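Undergrad: So the chains spell out like this:
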Amino acid sequence: MHYLLRLILPRLTLAVITLFTVSLIIFWAVEFLPGDTATRILGRDATPERVQALRQQLHLDDPSWVRYWRWLSSVARGDLGESLVSNVPASVASAGGRQRRAVADMILPRLRNTLILAAFALVLYIPLSLLLGIVTALYRERFFASALSAAILVGTAIPEFVVGIILLLTFAVVLPLFPPLALIDRAHTPLEVIYTLTLPALTLTLAMTAYAVRMMQSSLISVLESDYVRMATLKGLSRTRVIFYHALPNALGPALRVTVLNVAWLIGGVVLVEVIFNFPGLGHSLVDSIRLLDTPVIEAIALILAGVYILANLGADLVAAALNPRLRTG
Amino acid sequence: MSKRTLTRRKFLATAVTAAAGATLAACAPQTLAPTAAPPTSAPPVPTQAPPPPTVAQALKTLRYAMSGKITSADTADPAFNNTSHDGRLISAVYEQLARYDESLKATPWLAESWEPNDKGDVWTFKLRQGVTWHDGTKFTSKDVLYSFRRLLDPATKSPGAGPLSFIDLNGIEAMDDYTVRFKLPTPNVDVPLSMIVRQAYIVKDGSTAADLKTKANGTGAYMLKQFVPGEDPTIFVKNPNYWQPGLPKLDVLELTSIPEAPSRVAALQRGQIDIIEDPPFTELDKLKGGADTTIVVQPKGNMDLIAMQIDVPPFDDLRVRQAIKYAMDRDAVLKLVAQGYGTPVNDIPIASTLEYGLQGPPLAHDVEKAKALLKEAGYSNGLDIKLAVSDVQARFVEFATVFKEQVAEAGIRVELDIRPADTYWDVVWLKAPMFVSAYIARATDAMLAPLYLSKADWNETHWKDPAWDKMLTDARATLDYDKRKALYQQLQQQIVDDGGHIVPYMVQTIDATRKNVTCWLPSGTPYANFTNLDIG
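Line order of the protein sequences matches chains A and B.
If you read the first sequence in our numbering, its first letter stands for residue 1, the second for the next number, and so on.
If you read the second sequence in our numbering, its first letter stands for residue 1, the second for the next number, and so on.
Just so you know, the hints here were simulated from the structure itself, not pulled from any lab data.
Bear in mind that the values here come from a model prediction, so they are computed numbers and not experimental data.
Quick reminder that beta carbons are idealized off the backbone N, C-alpha and C, glycines included.
Treat the hints with caution; some may be incorrect.
Said to hold, decoys possible - Examples of chain A residues toward chain B, derived with CB under 7 angstroms:
| hint | residue |
| --- | --- |
| 1 | G35 |
| 2 | G43 |
| 3 | R44 |
| 4 | P48 |
| 5 | I165 |
| 6 | T170 |
| 7 | A172 |
| 8 | P179 |
| 9 | V275 |
| 10 | L292 |
To be verified - Under 7 angstroms between C-beta atoms, here's a sample of chain A residues computed to sit facing chain B:
| hint | residue |
| --- | --- |
| 11 | V85 |
| 12 | N87 |
| 13 | R291 |
Using the sequences provided together with the hints, build the complete structure.
TA: Now the structure itself:
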């Protein structure tokens, strides 16, 4: 299994460098945005002297590199720091000496919610896009497959928040099957979680599936038309064996790449879907922290997203290596 | 079209009367002590706490969805009451000495009565007895002293210090446990009214900033059970020792934020939520006629406006300002932007229905006059101006777009400068020469002072006139009601005639509720009142 180590180790080293670079870029990008945390918090009450007082309180007067170093060294110790903005909630206020909320406390429950939703969406997405990809590739000359392809093309063109609103109005209002608000914090049994999350998960699935199916379809078609598949068919192998054993593993590559992008999107980019179903996910936190220029929170979420992206890519490489023996040597 | 308008008007008229009159009268628990009446009767005895509900007995829970976003900057500290979540949380938990009645006059609340001296510069407040804090201690004059001193202390940096600056920090004293005396540097006849400020809630003596940020020990009808800044829901439970017997009627009040309008409406229709704020105008007929839903209309609400800085060309020319005001068709803008759910307002964000409100019809739409004024000011080929706007608040962009189209007729070419919502209050508002802004209804003086005094924090139009400032001070010191009213109206008239605000309308505040929700009326001001609210 040493090829696995050869595959993973350099990537992990690169990952650390990437994360560090991401943190640098994010920090300086936030520095260059107009206004600062103090003016964003105060809003219409931002008189110069009040802004000045709040700046001092938040240590925004320190030079930026000092603040970056302070943040970086705390992260290196495994502490994501505390929010510039959010006060410690009443329930835990008596517990510690902190004035403001620990970034980890703010983000981890939301990350958990987001991961549950993402997992649910992926569980629906993988079989659905595989199935549709195979069907549209195999029966590409039949009318129903063309119609399906056309429908998928239309699906690609509809933004996910429109899909979300349509699903909301159809399956929560006109046909009251599912709840409009995805109140995950009140769902305790797995069945309740599924009931609560069906509509947002379905929205995400539809948004992701369209593109993946198109990739799957086109690569499967080109593989099906290749010489070795024709050879396998001529040898008299069963159709199922040809498709699932010979053709599919080689056709999965491009779809796998799309899936990696989709996973990264599921973790941080689904804020519009979160808004429609009032889902307390990571996207909300990201938008809120950017609006308030709450740098430690923005940094933490950015690192999580970059990390997810790196891990998903690594995972895709491993799957690709499993599917294609040629990648295991060399 | 005309038929539709007619039915809507008729319907609104009935809705308003029903809401403001019959329903709420039935909901009011008791008549509070009248203004300036000495407390003759014995102090009200605190009622016995009702027995805790047994497990079998369901808790009476109401779920309330606001339209504003929650953010991690939300706070429970009244001194920094800022976001929409802050306003609702603090209104549920804390109370002020006085509160607005329906015409925005001051009515006693934690104060039982008040009395000025002959000059109006010394005010004595008698406090309500038998009021307790949520932690069980007694509410006394010490708490009032502490709260006002904290707000006025420059070290606190409370935004309330400005509007409360008519009070002298060192002139507040407790005469006894239930009497507080305010000595003012200058006379002010409307002190109870002027004290109704977003930040001026009474907190317990000695509360530290850290205590107040997330914990809330108030005197209000509800106690704060769960509040995490930026997380839904915020949960309140009944205050069993509330000083108004029989109130509140709910056991649990849950506050959630659902900024997305279709989701908010769907949640109400499906019964996941019992009250929603700001249903879209297009959904009102459906919600009103729904099997389980209805709507509640409050005539008071937001006033969208355009501010021109009157010391920046071309707005430094009065004729230009007047031309722009004449060029706008106020009835049409109300219909287009708010589908007619509102009342016209006369270029100052103070409705005619409020105390001291300016009477008379709004400026007539007169394109010819606008053109003539522009020509006189030297813009015979038309005028080019830039209006900064953002979708930071509902209706802003629609309002600006309609304005642009309307004034084009008079030869005024408006370039819309659409700016990001994140930084609008921060880098555009008060800084651009012409921008869109809005205010929610408040009492006359409370609107005039922060917007038009020379040193006002929110002097959007750069209205700086020492004579006007003095007249406001004089009005506050005028004991005779009619003379005071005349002065306040004169102050407003000057702004309407010469000022830089264009305020075409006040939109109604409309909520939609489940049919079993009773005794609810949105306030249309920054102060929500959940005290009487009930659900069947």
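Undergrad: Indicate, hint by hint, whether the structure satisfies it.
TA: Checked hints:
About 4 angstroms separates the beta-carbon of A:G35 from the nearest beta-carbon of chain B, less than 7 angstroms, and the hint is met. This hint holds: A:G43 has a C-beta 5 angstroms from the nearest C-beta of chain B, less than the 7 angstroms allowed. Taken as an interface hint, A:R44 checks out: its beta carbon lies about 5 angstroms from the nearest beta carbon of chain B, inside 7 angstroms. The restraint placing A:P48 at the interface with chain B is violated, with a minimum CB-CB distance near 10 angstroms, outside the 7 angstroms limit.
Annotation: A:I165 was flagged as interfacial toward chain B, and the flag holds, the nearest CB pair being 6 angstroms apart, inside 7 angstroms. At its closest, the beta carbon of A:T170 sits 11 angstroms from a beta carbon of chain B; the interface hint therefore is violated under the 7 angstroms criterion. For A:A172, the suggested interface contact is upheld, since its CB lies about 5 angstroms from the closest CB of chain B, less than 7 angstroms. Taking 7 angstroms as the C-beta contact cut-off toward chain B, the hint placing A:P179 at the interface holds, the least distance being around 6 angstroms.
Given hint, A:V275 at the interface with chain B, holds; its Cβ is 5 angstroms from that chain's nearest Cβ, closer than 7 angstroms. Nearest Cβ of chain B to the Cβ of A:L292: about 6 angstroms, under the 7 angstroms cut. The hint holds. Because the closest C-beta pair between A:V85 and chain B is about 5 angstroms apart, less than 7 angstroms, the hint holds. For A:N87, the interface hint holds, since its Cβ comes within 7 angstroms of a Cβ in chain B; the closest pair sits about 4 angstroms apart.
Nearest Cβ of chain B to the Cβ of A:R291: about 5 angstroms, under the 7 angstroms cut. The hint holds.
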